[in-house]
Each structure stands twice: as structure tokens, then as C-alpha cells.
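A.B. asks: Fit chains B, C and D to the known structure of chain A by using the hints.
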Amino acid sequence: MTETLDGTTPQFVDFQLSDTLTAFQAECRDFAERELAPHAAAWERNHEFPTDAIRKAAELGYLRITTPVEYGGTALGNLASCIMLEELNAACPSAGVTISVHNSLCCSLLANWGSEAQKQAYFPKLVSGEWLGAYCLSEAGSGSDAAALVCAARDDGDAWVLDGPKLWITTGSEAGLFLVFARTGEDRIKGISAFLVERNDPGVGIGKKERKLGLTASPTVEILLENVRIPKDRLLGEVGRGFNIALDTLDGGRLGIASQALGIARAAHDLIRDHLRTLVDAKGRPNAHQAAQWELADLAADIDAYRLLTWRAAVLRDSKLPCGAKASMAKLKCSQLANRAARAAVSILGESGLVGPAEKLLRDARITEIYEGATDIQRLVIAREVLGD
Amino acid sequence: MTETLDGTTPQFVDFQLSDTLTAFQAECRDFAERELAPHAAAWERNHEFPTDAIRKAAELGYLRITTPVEYGGTALGNLASCIMLEELNAACPSAGVTISVHNSLCCSLLANWGSEAQKQAYFPKLVSGEWLGAYCLSEAGSGSDAAALVCAARDDGDAWVLDGPKLWITTGSEAGLFLVFARTGEDRIKGISAFLVERNDPGVGIGKKERKLGLTASPTVEILLENVRIPKDRLLGEVGRGFNIALDTLDGGRLGIASQALGIARAAHDLIRDHLRTLVDAKGRPNAHQAAQWELADLAADIDAYRLLTWRAAVLRDSKLPCGAKASMAKLKCSQLANRAARAAVSILGESGLVGPAEKLLRDARITEIYEGATDIQRLVIAREVLGD
Amino acid sequence: MHNLTLSDELSMIQDTVRKLVQDVVDPAALEHDEHRQFVRPAFEALAETGLFGAAIAEEDGGAGLGLLSLVVACEELGRACGSTGRLFATQAGTAARALAGLADAADVMEAVLMGETIVGFVGLEHGVAAVLDGAAASVDGTARFVTGAGEAGLLLVAAATADGPVLCAVDPSACAIEGHAHGLGYRAAAPAQVVFAHAAGRVLASGADAEAAIARAGIATDIGAAALAAGSAFASVELGRRHTAERIAFGKPLAKQQAVGHKLVEGLRRAEAARQLAYQAARVADAGGDAAGLAAMARLTAVDAAVHAADESIQVHGGFGYTVEYHVERHYRDAKTLEVLDGGACAVRDVLAARLGALA
Amino acid sequence: MHNLTLSDELSMIQDTVRKLVQDVVDPAALEHDEHRQFVRPAFEALAETGLFGAAIAEEDGGAGLGLLSLVVACEELGRACGSTGRLFATQAGTAARALAGLADAADVMEAVLMGETIVGFVGLEHGVAAVLDGAAASVDGTARFVTGAGEAGLLLVAAATADGPVLCAVDPSACAIEGHAHGLGYRAAAPAQVVFAHAAGRVLASGADAEAAIARAGIATDIGAAALAAGSAFASVELGRRHTAERIAFGKPLAKQQAVGHKLVEGLRRAEAARQLAYQAARVADAGGDAAGLAAMARLTAVDAAVHAADESIQVHGGFGYTVEYHVERHYRDAKTLEVLDGGACAVRDVLAARLGALA
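Protein chains in written order, with my numbering: chain A, 6 to 394; chain B, 6 to 394; chain C, 1202 to 1561; chain D, 1202 to 1561.
Bound-form chain A, shown alone (with noise of 0.2 Å):
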């Protein structure tokens, strides 16, 4: 019992954050006061994007958080992207997951398989947030199942010719660079190849936006690719390793997703929280309903322990250990929490919970149960590790 921490207890373990995480904590939370919190409900309303707070966001850094040094970004691994994501969440799911695509999704493939051409081609813009980038691998008959896709690339001598439309695109009709998964060859994994390709790239469209229960204010869109030429560097890493490629996004995106929930699930416990408060009675002591209370605490206490949860995987990654079936764990739990908060939020609200912020963290909360690994593939993920497969 030898190494301790502070010289009093035999431990280790310890659930603090840094000096520097919890003053990065505290700043990305007043920028979601600030720009976010004021405007996201108008957002959603008006199904607007929120181009300014995102530009406002690169300023800080918030867009360059997975990206090397070297190319421009301030690296700040795992821990720092969940401690930013739920707090921008908290205030706005729909720029949180535009920020969280862009990140964990297209700047990490971009900096784990990009060559340094690539990199030097397109970091400068996608730091700056004069691009943003958005991830197409989902088709009409491939979501969950994402190795069924169709989306043909051909090899075309000096070009690859890309063709057949993409579906479900987070930020696609707002995204300056696109990756792109197509098949290059008939076996189901390994003819899967990744594409680097631009919104003026001719042949590329914005197809259908999809009308969706919540997070309007982040366009969900078709992509359409019509015989796209594109020079042959812009295959992203070797032919036949989409596949791989693609998995290598599922750790960071999924972390990416439990964060977000973990910022809903926290905005509807305030909310409850706040509500309670007012309940007073003639003498001006708490008069809440138990029932009340006690959905309060139980989300209380899963909120901390699936925030444990979360960071934990986080460290794990950001150590550069397995954490595969962690961060699933993470996604799991905290999607579910997120929409049992805000079921529980307009439960307890009542009538001002069907016209206020509740109702809008129901309809925000209930993507997050479905995109970057639905529930049920994260129970697949977690019982295959468990199993021992």
C-alpha cells in the first residue's frame, strides 16, 4: 500500500478532474450559455442551422479538439471532447452533434488515415470551421447493417467514379467535405473503400432533408453522388479498407453520442430540479411530491454513474487501450438515461413541460438511442466482449 496520491489513502483511483480539464469544463459550459442556450429553442423552431454559434465555436478551438498539433489542432484527446460535448449538449443537441460529427468523425479519419497531402489539403479548413465535414456511410437499405452498402466507386484510370446516393447525412447540406464510403469491390468487407470528396465536386447534390421528430436544427440530408469524378488521392487510405476505417470511428463517435445524452439527461434533471424548487408550501418549505423527488434522485445518481462511465472509456482511449465494449457501455446507458430524463421532464412539468424546453429535450433525446450504433448493437458489442466471442 505504497502509492498513494495525496499520502493518506492506498488508493488510486481518483474522480477528479484536473485543475485544467475543470477550467475548460467551466469555459465551454459559458460559451453554451451564452451563444447556445439563448437561441437553440428558435434554432429548432425555424429548423435553423446555427452557422454563427458553430463559427464562434471554431474561435475556440471546439472544432480542432481531435486534430494534431501539427496540423493545427489543440489535441486534447478523449476526457476533453465528452467534458465539451455534454456541456454543449446541454444547451443545444443540435450544434453538439455538428460539432461531435465533425470531430470525432471526420478530423480523426482524417488525421488516422489521411496522407499528408490530404491533411495539408483540408486541416486548415476543417480547424478554421470554414469547412465543416460530414460522414456518409448509411444508405437507404444499409443503417445498422452498414456493410450492405451499394454506393459504387469506380476505378476510372486517372479517377474514381463515385455513384449512388447516401442517406442520413448529419450536416450534410451544410459540410464542405464529405467522407465517403463506396464499394469498390463484391465482397461484403473488404470491397469497401473511403473517399475524400467535396461539396463542389460536380455531381454532388443535396438530395432529400429529412422532417424529423427533433434536433431540426441540424440538417439531416440525402446525399447525392451522380457519377462523381474525383482524382484517385482522394481515396482515403487503401482500397478495400472502408470497412476498417469505418470501425475506427465507432469508439470516438459513440463516446461522441453518450456525451451528448449525458448533456440532455443533465439539462432535463435541472430542469426537474428547477421546477421542484418552486413547489413551496404556506410556510415556504419543499412541498414536491415524493414521486417527484425520487424520479430527481434516481436520475441524479445515474447521471453521475454514467458519467463515470463515460470518462472512463474516455481515459481508456485516450491512453491508447481497448475500449471498445467500454464506450459502448457509455453509449447504452446514457441514451437511455437521456430519454428517460426527458420523459421524466415533461412528466413532472406537466402542462408547461408540453410547450417548454422538456418537450424539446424528449424530441432531441430520442436520436440518440438510434444513430452511431443503435441500442441494440451496443448490447451486441458489450455481450460478445462479455462472451468471450
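If you're looking for bench data, these hints aren't it; they were derived computationally from the structure.
Please read these numbers as outputs of a predicted model, since none were measured by experiment.
Some hints here could point you the wrong way.
[To be verified] Distance windows between CB atoms, simulated: (1) C:A1446 <-> A:R193: 22 to 32 Å; (2) B:K214 <-> D:D1372: 18 to 28 Å; (3) C:A1446 <-> A:D160: 36 to 46 Å; (4) A:E32 <-> B:V155: 53 to 63 Å; (5) A:K214 <-> C:P1228: 38 to 48 Å; (6) C:P1228 <-> D:D1227: 57 to 67 Å.
[Stated by the list, open to error] List of simulated lysine-lysine pairs, DSSO-like, C-alpha gap at most 27 Å: (7) A:K124 <-> A:K61; (8) A:K124 <-> A:K325; (9) B:K214 <-> B:K124; (10) A:K130 <-> A:K61; (11) C:K1220 <-> B:K288; (12) A:K237 <-> A:K195; (13) B:K130 <-> B:K195; (14) C:K1220 <-> A:K195; (15) B:K288 <-> B:K217; (16) B:K237 <-> B:K130; (17) A:K288 <-> B:K288; (18) D:K1453 <-> B:K195; (19) A:K130 <-> A:K288; (20) B:K288 <-> C:K1457; (21) B:K61 <-> B:K130; (22) B:K288 <-> A:K195; (23) B:K214 <-> B:K61; (24) A:K288 <-> D:K1453; (25) A:K124 <-> A:K288; (26) A:K61 <-> A:K195; (27) B:K237 <-> B:K124; (28) A:K288 <-> D:K1220; (29) A:K130 <-> A:K214; (30) A:K325 <-> A:K195.
Glycine included, C-beta positions come from ideal geometry on N, C-alpha and C.
C.D. replies: Then chains B, C and D, alone, in the frame of chain A:
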């Protein structure tokens, strides 16, 4: 972003046990698997107190973990205690609660409130396991509402005279030392004082033994106190401080039961996992039902999350920081999880779950939501903290 | 299978509503909801069928088919369009049953049963108060999320007075009514906030008559809500079943995944339980028994079932479920909204808890 | 309130069972369970009432009161003693309904209906197999936790053959039977493991007859289980209600705490839903409809309700609930045991999932 643990990540949070605690955990697990697990079913069927195993646990120092070094203890602290109790309870919750009560209720109080003479008198017997400790607070008319107790302590000049039965006393029939809470005044709170009563004090008797759903190797008995005359120096702390003394046990006791529940939940999880691993198709591939796999995944995630919640509270307590609501969160969530896990194990194991270790877990688990503050009491504590009452 | 319990008359009502749903409600449900347009065509079509009087005794101008008819009709409407269903349940259930037998309300009853006017109902849970002067009332208070109020020609208001509750008719033009432009559910049912400021009302019932009328309204409200929600739950399950039977993933229809099947089964089980409770509550009420407890239990069961079934149906739809075209997100919003209305589920549980001894 | 649905005959059955429970079952339930003593007095008293034939058509020697009578009786027994209830449900429900109309089983049926012999039923889920030689069968396999088997004079076995399932009668003396000395629940119902090793059996039905008999048995098993569990859930709620009405904490009865009241209300709500599903399943079956889906849903709902209600009743009892004298721990164990028996809840969901299209 300067403080780092390993020089690469800008963080402080760490979720790893130290090497020392990891070794301690392995030692506890080894003891539990060797000395408890093989006998636990028989002890429980025969309602037999595991006297020898507790003696062996004492030899390994498990009965002195909360006792200060100067009185023969190891003072390993709360985190170590949680780790130990999870391991012991995964094998035998009856032994686990015996040790938890001894350490976190009896020895802790003696350490915190006892006079030097009292410590010198009792710790040698307690750390060696010669005497086990029991905690006598509950009565027939006072459970969750502890301050409703009526057991009387009368000042009779050179002695205190205690009169009135105590109910639900864990280890009551096997203990050598009883911490008895009794009424020295009319005030609901300030009229309560604490006393040290020995098994051999005249007038101390063992009353009705409870016939329980589970935990049958841990005797729960009525302690009869019939005009028990004890010297004045048996008062623990000061007159009228009994309720404060009782409150002082709350956090430690709750962390103990949270850890017990974690042990039970883990044992149930392991039963399910081992069962599902036996299910293979004709080609030897895993073939468990999705429903069972999903349940396993959900349990695995929650066991990890609520263990982190428990350890966080323990680390806070080791750091002498307030942890009341956080200990309640751990107790609340772990005890519910233990029951959920045990019920799932019975369901998934089917008929073999009805007659094997799963059904014992189900019965043992049920008490964790009741004692050391029932579930709704934990919610009340948490809600008060959140609402800032 | 539940046709076993339906008489010929009730089967006819079921057929009538099904046809009306197919012709009028279904084709417009999505669009009306998305654009928050009032479902006037559906309301008018329902008025034409005469169904607003189905649950009302013949002596009160109805068809005398009892609350069972309300359950049958609401279940069908609940499957298709919560907004239409809620308006129907308020008109044919809550309002009509409140007015039944009130000597001074025959003209109001006629307008309600004929569908000449759309009724908004303000229950006691809104805390609206009245001061009486003979048959005239002065009403004060604010009621939020009153469905239909944005288009109502009549507000029926249960208001508190010093001598207990009364039932009043208030002209909407005497109130400040503001539609909820951004509410969660019932977007096509013109939900609105109603502010009464010394609003002139006409007393339809007071004393014991008012208490009985409000109690009748409450039971009809709960039974109607239960049937709407049960219908919604069945619809969510059926939408999920159809989608997953067709959607191929990992080489087979999604429906073949045990986890998918079990989600739908759980939805179905809860929906069926809710339906049976709603029927039983209606049967007991129609036989003159005290159905308040059963109606409350039916409502709780059904609303939980509807929220759960829609939630799981969204889940098995994957990303599609998050979009409006697949209908389940609408069921989710409407079901959750229904949970909050009429006092909310917590209050229902409080009432049941107080009556536990009589129910167990 | 549900007497509304009971005919005079069914009310009489209810009264009969209630009296028997009061006189014979209740006084011994705790002791028999704690000491794992077979509830022979209760079985014999039930035999005397003739109720084993209540759900059987008159032409088959019964009273012709249908499965509704099984629901009524099982609910009452389930309130008091799961072991007695399970034995009754097996005898009067599962076994008697399986045998009904089988030409070659009249003698067995008579013994069952008269209660001359205690029946253990081994369903297909145990995977027991048979090889036939005319009317003789050789049976192999192991069935675990067969209630009543430890005291049975007859085992009815649904066994698989190459040509589909058959229903056989097997003499327990031809098998190795080992009582479960440490099982979770039904401790007074002599649950036992039965090992068939070339055990001689008599074929009672084969081919389509056997399939129909086994299907009838399955529906009766599920409906009986549903009614037992609903009764148990009602009992747990009532025990909790009584305890908390008397128990004072923090200056008032525990029952006045909202959290306590809501727990009991939730138990009641689920119990009532389960009861209504059980009644509906029985009504549909008695009318000749396909009740398999409803019976399965009733079972799932009721068993969940019973486990939940017992769990919450233990909770509101506090430490008392963890001890045997307060009965709720027994309801908890028996309910959880019932969940596992007859194939288990997961298998029930699988069957429902496969039939979703026909049920929604």
C-alpha cells in the same frame, strides 16, 4: 493542460486501482473462492453461522480494516473495504454482512467515539475476531424512523440500567460486543445515547431468531435487554449524542451494503455468462438467445457504472470529504441492481435457476434494498441534496 | 379476437369509424399534424355519423350504446390520429357525458351531439374559479393545453366556488385564447391556453348535480383516453411489425431478430391489457357500477402502453422512426401528451392510492 | 367490482373456494411452505368439492363451467397459497383439459376429476421423447421441477416422437423421482425432478389428437398460471396495504407516504390488468375461439405483476417483509418460480412474436 498522470493526456481522472489494491483484491477473491464459496450453500441451508471462515478472515486482517493502526488495525480505508466486501459477498453474503457490520458499524464507531480506555479494552478482541460486533439500533416500532426508539437507559448512580428489546440485530447471537442505542431523555433526537454492552452482562439475552427469505447463515435476532446494569464508563461518547453517533455510521454502512450488492450482482452476472457460454449450435458457435445476451450486456454495463459510483463515494470518504448523498446513490443503485441481476439469473437459467445458486442470490439480494436505509430513504437523502433543502 | 365482446351495434360503430378513418382521417393525419392544421374535415365527418351521441342515453338524445361505444370508436381513432381521437373523446365522451341529464343544458347538449359546435373542456385540475350570481357565473383562472380550445365554439368549465364545484358554459369569445404554436402533441387538435378574466359563464349544474356531472366527465375522459392510447399502442406495434417484416438487415428481415420480436410482443401485451381494462371499465360504468378506479387504471395502463409501444416502434424503425413519414414519432408525441393532460398520471395514482382499500 | 362478470355458478365457485381457503388453506400455508410439507389436506379438500371438473364439459364428466371457473378458483387460491394453487391448476386445468374428449383416457380422466390421484404434468418444453409400440410407449428424458411429481400417482407426459408429439400416461413408479429439497418456490407442492429411462407409458393420444390435447393443456396452463399470479399480486398489494395502514413512521401511517401509496397502486393496476386478460382469454376459449395468444399475454402480464407486487410489498413491509411470517416473501418466491415453469417467459414471448401478425 499541464497536470497529467502519464505525460500524454491532459487529465487527472483515473479509473485504475493501484498495484497494491489490485493485489489486495486478488487476495480477497482468492480467500472468498477458497474458504467461502465451497461452503456457502451448505451454511445457508443449515442456517449455520460460518464461525471458522470468519476466524480465517480475521487472521487475514479482514476484521480490522477500519480500525486505526495504533489499535492493531490496518486502516486500509473505505475503498479497500469496498473492494474486499465485493469479493467476499460474491461468494457468501452472510459472511459478507457479518464482516461489514463488524467493521463499518462497530469498529468504526469505537474508533470515532470511544474513549482511550474503551478502545484499549475492546479493540484487541475485535481485531482478532475473538469478539464480533453487533449494532443495536432497530426496535419493533422503529425501523427507517430510527429516532422513534423506546429502549430505556436509566441513570442509576454508579451504573446505567438498560431496558427494552432490540430487533433485527445482525450477528446478534454470535456477537461479543453490542453497540446499543437507548433513550436517556424525552427529546426525540437529543434523548438518545449510545452504550457498549457485552454479551455476558447480566440481563442480556437472545430473543426470537428471525426466519428470513435469505441470508440465513447470518443470524438476525432479537436482543433482550432486561434491566441490564452496566458501569458508567460504558457510555459511548456523551449523553444525548446517540443519534449523531448512529448517523456517523451511515456512509460507511451504506458503502458496505453497496459493495455487498455489487458482489451479489457480479455473482449473478457470472452465473448468466457461464450459462450462456455453454449454449452453442451444432458447429460450436455461440447460440444464446438475444434476450439473454442483451440482459447480460445491460447488467455488465450497470455493474461497471455502479461500482464506479461506489468507489467514488469511498474515495471521497477516504479523503474526508462529504459523501453522504454519493454514498446513498451507490447504495440505492447497487441494491436495485443486485435484485435485478439475481432475478435475471433465475429467469435465464430456467429450472436449474430454481434449485441452484441463482435462487440463493435472489433471496440474499432482497435484503440489500431494505437494511442500512431502505431504498426510499436513500432517495430522500439524494433529493434533499439536489434540491438544497 | 375481441369481437367476441362486441354486440352488433358496436360492430357497426367499429365499421363506421374504420371507414371514416380510411376515407378521411388516415389520408390527412400526417399533413395536419406536421403543419398544425386543425382536423376540421375529420371532425365534420364524425359529426355527420352521429357518433357524438353514441354513448349517451336515448332520453338524453343519444343512441344509448353506452361507454362501450366510446371505447370502440376511440380505439379506432387512436390508431390513426391522436388529434382527431382526442377531439372526439372530448366531445362524445367528456362533454356529452357531463351534460347528460342536466335539465338546464338541453340546448348545449344538442349542439354537442350534433357537432354544431366544437367543445373545449376545462377540468377541475386547472384550478379555475367561479363566482355565481344565480345562473350566471364570473370565471377566473388560466387553463393550459386545452385541446380543441383554439377552434372551440363552447367551453365547458368545471370551476371551483366557495360552495363546491360547478359546471359552466363559457363562450370562447369571453376569454383570451392563445394557441400553442409549439406544443409536443395533438398538434392538429388546436390545443390552446385559455385565460378567464371575469369571463361570463352560464351555470349548467351546481351542487350535487355538478359533482355528479364532473365525476361522469372524469370517468368518460379516462375511458376515452384509455381507448385512444390502446389504439395508438396497437398502431405502433403494427407499424413496427410491418416495417421489420420488410426491412432486411444482416441477411434476414429485422422481425426475425428475437430482440425485435420481443419489443413488439411487449407492446402488444400492454396494449391488449389496456384494451381489456378499458372494456371492463366501460362495462362496469354502463351497468351502473363505480367505474372510476377501473377507468383510472385503464388510463394509466394504456398511456404507459402507448408511450412504450411508440418508443419501441421508433427503435425498431431505426432512423426511419425518427422521421415524420413513418407515423410512430407522432404516436410517441401524442401518447406522451395524453399522459400529462387531465391532471396527469401522478394525480391519477394519488386518487387510486386514496381508494386502495376499496379496490384491492 | 369484477363480480359484474360472474354468473351465479361462478359466484358459487368463488364462495366455495373462499371458504375452503379460509378453513383449510390459509391456516396451514405458512407452515407447509416453511417445512416443505405437501399440502395434502388442501388437495383432498379441493377433491371433495368436485372442482377438479369445473372447467370440463359435462359430456366429459365435468360441470361444464368452462375456463372461467378455472380463473375464478385459481385467483382465490393464488391469493392464499401458490403451492395449492399450482396443484389445482395442474389437475383441474392442464391435465383435465388435456384429457377432455380423448376416447382412450376416460379412466384416467375420472381419476383426475375425482382427485383419486395427484397428477404431475410434463410438457413438451422438457424435451422428453417417446418410442411407440401400438398403445405402449417407452419414454426417455429428464424433466426438472415438475410440481406435484413428488407425490403424484400419475404423470401425464407430452413426449416427442418421430411422428410428432404424443400424450402418455406414465406410472411414477416407472421413473426415478427426486424431490427438490432446496427449490425456490412451490415448496409445499412437491416439486421434483423426473428421470424417464425407458419408462413404460400408455399412449392416450397421438397425431392430431395429441397436438390438440397438448394445445388445450397449454392454454389451460397459461390461463391457470395467469389467474394464480393475479391472485398472488392482489394478495401482495392487500398485505402491503394493511401493514402500511397500521405501521407508523415519522408520525403517520406509512400508507400516507406518496411513494408507498404509488407502489401499491402500481401493483394493483398490474394485477387488475392481468385479471382482465385472464378473464378475456377464458371467455374466448370458452366460446371456441383461439385463445392461445390472449392466454400467453395474460400469463406474462400476471406473472410480472405478481413478482412486482410481491417485491414492492416486501419493500413497504421493510424488514418485516424479509421474514416468513408476513407471507410476502413466499409470494415473491412462488411468483418468480411460476415465471420459469412451463417453458419460461422468454419462450412465451418467442411464441407470441411468431404470431404477431395475427394478434396485433
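A.B. asks: Could you run down the list of hints and mark each one as holding or not?
C.D. replies: Here is how each hint holds up against the structure:
1. C:A1446 <-> A:R193: 22 to 32 Å: Cβ of A1446 (chain C) to Cβ of R193 (chain A): about 23 Å, so the range 22 to 32 Å holds.
2. B:K214 <-> D:D1372: 18 to 28 Å: 43 Å, violated
3. C:A1446 <-> A:D160: 36 to 46 Å: 38 Å, holds
4. A:E32 <-> B:V155: 53 to 63 Å: At 57 Å between Cβs, range holds.
5. A:K214 <-> C:P1228: 38 to 48 Å: Since the Cβ atoms of K214 (chain A) and P1228 (chain C) sit about 23 Å apart, the hinted range of 38 to 48 Å is violated.
6. C:P1228 <-> D:D1227: 57 to 67 Å: With a Cβ separation near 60 Å, P1228 (chain C) and D1227 (chain D) satisfy 57 to 67 Å, so the hint holds.
7. A:K124 <-> A:K61: 23 Å, holds
8. A:K124 <-> A:K325: The given pair, whose Cα atoms are some 22 Å apart, holds under the 27 Å limit.
9. B:K214 <-> B:K124: Violated. K214 (chain B) to K124 (chain B) sits at ~30 Å, over the 27 Å cutoff.
10. A:K130 <-> A:K61: OK: K130 (chain A) and K61 (chain A) at ~15 Å, within 27 Å.
11. C:K1220 <-> B:K288: Violated, because 53 Å separates the two Cα atoms, which is more than 27 Å.
12. A:K237 <-> A:K195: This hinted pair holds, its Cα atoms lying about 19 Å apart.
13. B:K130 <-> B:K195: 31 Å, violated
14. C:K1220 <-> A:K195: 52 Å, violated
15. B:K288 <-> B:K217: Violated, at about 46 Å.
16. B:K237 <-> B:K130: 21 Å, holds
17. A:K288 <-> B:K288: Since the Cα atoms of K288 (chain A) and K288 (chain B) sit roughly 72 Å apart, the hinted pair is violated (cutoff 27 Å).
18. D:K1453 <-> B:K195: Given that 27 Å is the threshold and the Cα spacing comes to 21 Å, the pair holds.
19. A:K130 <-> A:K288: 60 Å, violated
20. B:K288 <-> C:K1457: At roughly 21 Å apart (the allowed maximum being 27 Å), K1457 (chain C) and K288 (chain B) satisfy the hint.
21. B:K61 <-> B:K130: 15 Å, holds
22. B:K288 <-> A:K195: 25 Å, holds
23. B:K214 <-> B:K61: 26 Å, holds
24. A:K288 <-> D:K1453: 20 Å, holds
25. A:K124 <-> A:K288: 65 Å, violated
26. A:K61 <-> A:K195: With a Cα-Cα distance of about 40 Å, the restraint between K61 (chain A) and K195 (chain A) is violated, given a limit of 27 Å.
27. B:K237 <-> B:K124: Holds. K237 (chain B) to K124 (chain B) sits at ~16 Å (cutoff 27 Å).
28. A:K288 <-> D:K1220: The hint is violated at about 53 Å.
29. A:K130 <-> A:K214: Holds: K130 (chain A) and K214 (chain A) sit about 25 Å apart, inside 27 Å.
30. A:K325 <-> A:K195: Since the Cα atoms of K325 (chain A) and K195 (chain A) sit roughly 25 Å apart, the hinted pair holds (cutoff 27 Å).
In this structure, the earlier hints numbered 2, 5, 9, 11, 13, 14, 15, 17, 19, 25, 26 and 28 are contradicted, and the remaining ones agree with it.
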